[in-house]
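Participant: Sequence:
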Amino acid sequence: MAIAKKRAEVTINRTASDVWARIGDFADLSWFPGMKVELCDSENRIRSVTQDAWGFCIRQRLIEHDDTRRTCSYELPEPLDLEAVAGPGKIVHVLNGHLTVTPKGESQSDVTWDLETEDFLIGGSHAQHQNVLDTLKVEMEG
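According to our numbering, the sequence shown holds residues 1 to 142 in order.
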C-alpha cells in the first residue's frame, strides 16, 4: 500500500477569525457541500460523515483542534472498505487531514488542507477538497 500526500489551498479575502468561525468546528461540516455529520461522540472526538454522492459512511477521529492556532487534524480510526465502489482490494488504511487557517495581512487568510491517503484515492480526494476550498472562497467573499 503506497501512501501519497497532497495539499489543497486557497486565499480568502476575509480575516482568519472569520474563516475559522465558519470551518473550525469539527462537528459541523455545513461548509462542505453535500457532506453531513451523522454522529459525533459526546466529546466531539469521533464523527461519522456521509456525502450525498458516496452512499457510505466514513468515521473520522479528531487528533488535534486548536482555536488559537486555527488548526484541526483528523484520521481514519479503522480501515475503510471501498471494494464496492473502487474494486477488489481497495481497503483504505490511511485517510488523514490537517486543516489550517493562517492570517495573510489584515483582511486575508490562507486556508490549507493537507491530505494523506492511499495513492489510488489521493487524486480524487485532492480534487474534491480543492473544490470545497474554492467554493468556500466564493461563499465567504460573496
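Think of the hints as simulated: they come from the structure by calculation, not from any bench. Don't be surprised by glycine CBs; every beta carbon is placed ideally from N, CA and C. Just so you know, not all the hints are guaranteed correct.
[Unchecked claim] Just the calculated beta-carbon pair ranges, DEER-fashion:
# : residue 1 : residue 2 : range
1 : Asp119    : Asp66     : 28 to 34 angstroms
2 : Lys90     : Arg69     : 33 to 39 angstroms
3 : Val94     : Asp41     : 20 to 26 angstroms
4 : Glu83     : Asn13     : 14 to 20 angstroms
5 : Arg69     : Ser42     : 20 to 26 angstroms
6 : Thr11     : His93     : 15 to 21 angstroms
7 : Ala127    : Ile46     : 22 to 28 angstroms
8 : Glu43     : Ser107    : 22 to 28 angstroms
[To be verified] The calculated lysine to aspartate or glutamate pairs, modelled on EDC-like cross-linking and capped at a C-alpha distance of 20 angstroms, are:
#  : residue 1 : residue 2
9  : Lys90     : Asp110
10 : Lys137    : Glu64
11 : Lys36     : Glu75
12 : Lys5      : Glu116
13 : Lys5      : Glu139
14 : Lys6      : Glu139
Participant: May I ask which of the numbered hints given earlier this structure violates, with the numbers listed in increasing order?
Facilitator: 4, 6, 8, 9, 10, 13 and 14
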